[in-house]
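Chains as they are written, first to last, in the numbering used here: chain A, 14 to 128; chain B, 28 to 142.
A few of these clues could be false.
Stated by the list, open to error - Calculated cross-link-like contacts (lysine to aspartate or glutamate; reagent style EDC-like; alpha-carbon spacing at most 20 Å): (1) 36/B with 51/B; (2) 98/B with 45/B; (3) 86/A with 65/A; (4) 115/A with 109/B; (5) 68/B with 112/B; (6) 49/B with 112/B; (7) 68/B with 74/A; (8) 71/B with 28/A; (9) 67/B with 74/A; (10) 115/A with 28/A; (11) 91/A with 74/A; (12) 68/B with 57/B; (13) 115/A with 23/A; (14) 67/B with 130/B; (15) 68/A with 130/B; (16) 91/A with 28/A; (17) 68/B with 109/B; (18) 36/B with 80/B; (19) 115/A with 80/B; (20) 98/B with 112/B; (21) 115/A with 130/B; (22) 68/B with 42/A; (23) 86/A with 28/A; (24) 36/B with 85/B; (25) 115/A with 85/B; (26) 94/B with 51/B; (27) 98/B with 65/B; (28) 115/A with 57/B; (29) 67/B with 109/B; (30) 79/B with 109/B.
As the list claims (entries may be wrong) - A short, non-exhaustive set of chain A residues, derived as facing chain B with CB atoms under 7 Å: (31) 56; (32) 57; (33) 60; (34) 62; (35) 102; (36) 108; (37) 113; (38) 115; (39) 118; (40) 120.
Calculated directly from the structure, the hints in this document are not laboratory data.
For each residue, glycine too, the CB sits at the ideal point set by N, CA and C.
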Amino acid sequence: AQTVTQSQPEMSVQEAETVTLSCTYDTSESNYYLFWYKQPPSRQMILVIRQEAYKQQNATENRFSVNFQKAAKSFSLKISDSQLGDTAMYFCAFMGTSGTYKYIFGTGTRLKVLA
Amino acid sequence: DTAVSQTPKYLVTQMGNDKSIKCEQNLGHDTMYWYKQDSKKFLKIMFSYNNKELIINETVPNRFSPKSPDKAHLNLHINSLELGDSAVYFCASSQYLASSYNEQFFGPGTRLTVL
Chain A
14 AQTVTQSQPE MSVQEAETVT LSCTYDTSES NYYLFWYKQP PSRQMILVIR
64 QEAYKQQNAT ENRFSVNFQK AAKSFSLKIS DSQLGDTAMY FCAFMGTSGT
114 YKYIFGTGTR LKVLA
Chain B
28 DTAVSQTPKY LVTQMGNDKS IKCEQNLGHD TMYWYKQDSK KFLKIMFSYN
78 NKELIINETV PNRFSPKSPD KAHLNLHINS LELGDSAVYF CASSQYLASS
128 YNEQFFGPGT RLTVL
């Protein structure tokens, strides 16, 4: 069975600094998708970035980028120039492509950006 | 326009009662999901429907019954509510079940409190 692990329950970063959130996963599939979702205090889950396992190039979305290491089964999220609005829970999610295509979420990392 | 909406946003009820949560999406998506987020923020899939057909049923007690009258709606009915059912329930939708771009769009969540 697939598992997703986020080993940092809480992190903090100063405004304008860079922070990296870690995520590791376990799977026997060769093709799959990985996602980072953000859940601010408003509860709304918002997609931050996605990565397709067959693509070697790391995904980027403005200040957000990932370091995808397929062999190590690692998928970390880097947030550059952190802003107060980045304060949220961040969830890593795995979606396999055999079976039911369901998301497996990690336990989340609570990120606080300090002024 | 709200993409995925849920009603109600808050639900407080007594143990043993029966309640429903409604979900609607106006994105034209084929697939809809129910997730449960517990007090530790752990997010786990409960059900998914694709074109009104049940695809995922994650060993949820049979007191929980999803109903999909059409592709745009997926309601969750819960019988004989228990204290352990207290959680935030999220509805989500995605364009296709098996897609290389399976971003899920989440509703705002329904916080259920069972007294």
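Cross-check of the supplied hints:
{"no.": "1", "hint": "36/B with 51/B", "result": "13 Å, holds"}
{"no.": "2", "hint": "98/B with 45/B", "result": "24 Å, violated"}
{"no.": "3", "hint": "86/A with 65/A", "result": "13 Å, holds"}
{"no.": "4", "hint": "115/A with 109/B", "result": "26 Å, violated"}
{"no.": "5", "hint": "68/B with 112/B", "result": "14 Å, holds"}
{"no.": "6", "hint": "49/B with 112/B", "result": "16 Å, holds"}
{"no.": "7", "hint": "68/B with 74/A", "result": "25 Å, violated"}
{"no.": "8", "hint": "71/B with 28/A", "result": "32 Å, violated"}
{"no.": "9", "hint": "67/B with 74/A", "result": "28 Å, violated"}
{"no.": "10", "hint": "115/A with 28/A", "result": "35 Å, violated"}
{"no.": "11", "hint": "91/A with 74/A", "result": "10 Å, holds"}
{"no.": "12", "hint": "68/B with 57/B", "result": "27 Å, violated"}
{"no.": "13", "hint": "115/A with 23/A", "result": "26 Å, violated"}
{"no.": "14", "hint": "67/B with 130/B", "result": "24 Å, violated"}
{"no.": "15", "hint": "68/A with 130/B", "result": "17 Å, holds"}
{"no.": "16", "hint": "91/A with 28/A", "result": "14 Å, holds"}
{"no.": "17", "hint": "68/B with 109/B", "result": "19 Å, holds"}
{"no.": "18", "hint": "36/B with 80/B", "result": "26 Å, violated"}
{"no.": "19", "hint": "115/A with 80/B", "result": "15 Å, holds"}
{"no.": "20", "hint": "98/B with 112/B", "result": "26 Å, violated"}
{"no.": "21", "hint": "115/A with 130/B", "result": "11 Å, holds"}
{"no.": "22", "hint": "68/B with 42/A", "result": "27 Å, violated"}
{"no.": "23", "hint": "86/A with 28/A", "result": "30 Å, violated"}
{"no.": "24", "hint": "36/B with 85/B", "result": "24 Å, violated"}
{"no.": "25", "hint": "115/A with 85/B", "result": "10 Å, holds"}
{"no.": "26", "hint": "94/B with 51/B", "result": "12 Å, holds"}
{"no.": "27", "hint": "98/B with 65/B", "result": "27 Å, violated"}
{"no.": "28", "hint": "115/A with 57/B", "result": "14 Å, holds"}
{"no.": "29", "hint": "67/B with 109/B", "result": "18 Å, holds"}
{"no.": "30", "hint": "79/B with 109/B", "result": "28 Å, violated"}
{"no.": "31", "hint": "56", "result": "5 Å, holds"}
{"no.": "32", "hint": "57", "result": "6 Å, holds"}
{"no.": "33", "hint": "60", "result": "5 Å, holds"}
{"no.": "34", "hint": "62", "result": "10 Å, violated"}
{"no.": "35", "hint": "102", "result": "6 Å, holds"}
{"no.": "36", "hint": "108", "result": "6 Å, holds"}
{"no.": "37", "hint": "113", "result": "5 Å, holds"}
{"no.": "38", "hint": "115", "result": "5 Å, holds"}
{"no.": "39", "hint": "118", "result": "4 Å, holds"}
{"no.": "40", "hint": "120", "result": "6 Å, holds"}
When each numbered hint is compared with the structure, violations occur for hints 2, 4, 7, 8, 9, 10, 12, 13, 14, 18, 20, 22, 23, 24, 27, 30 and 34.
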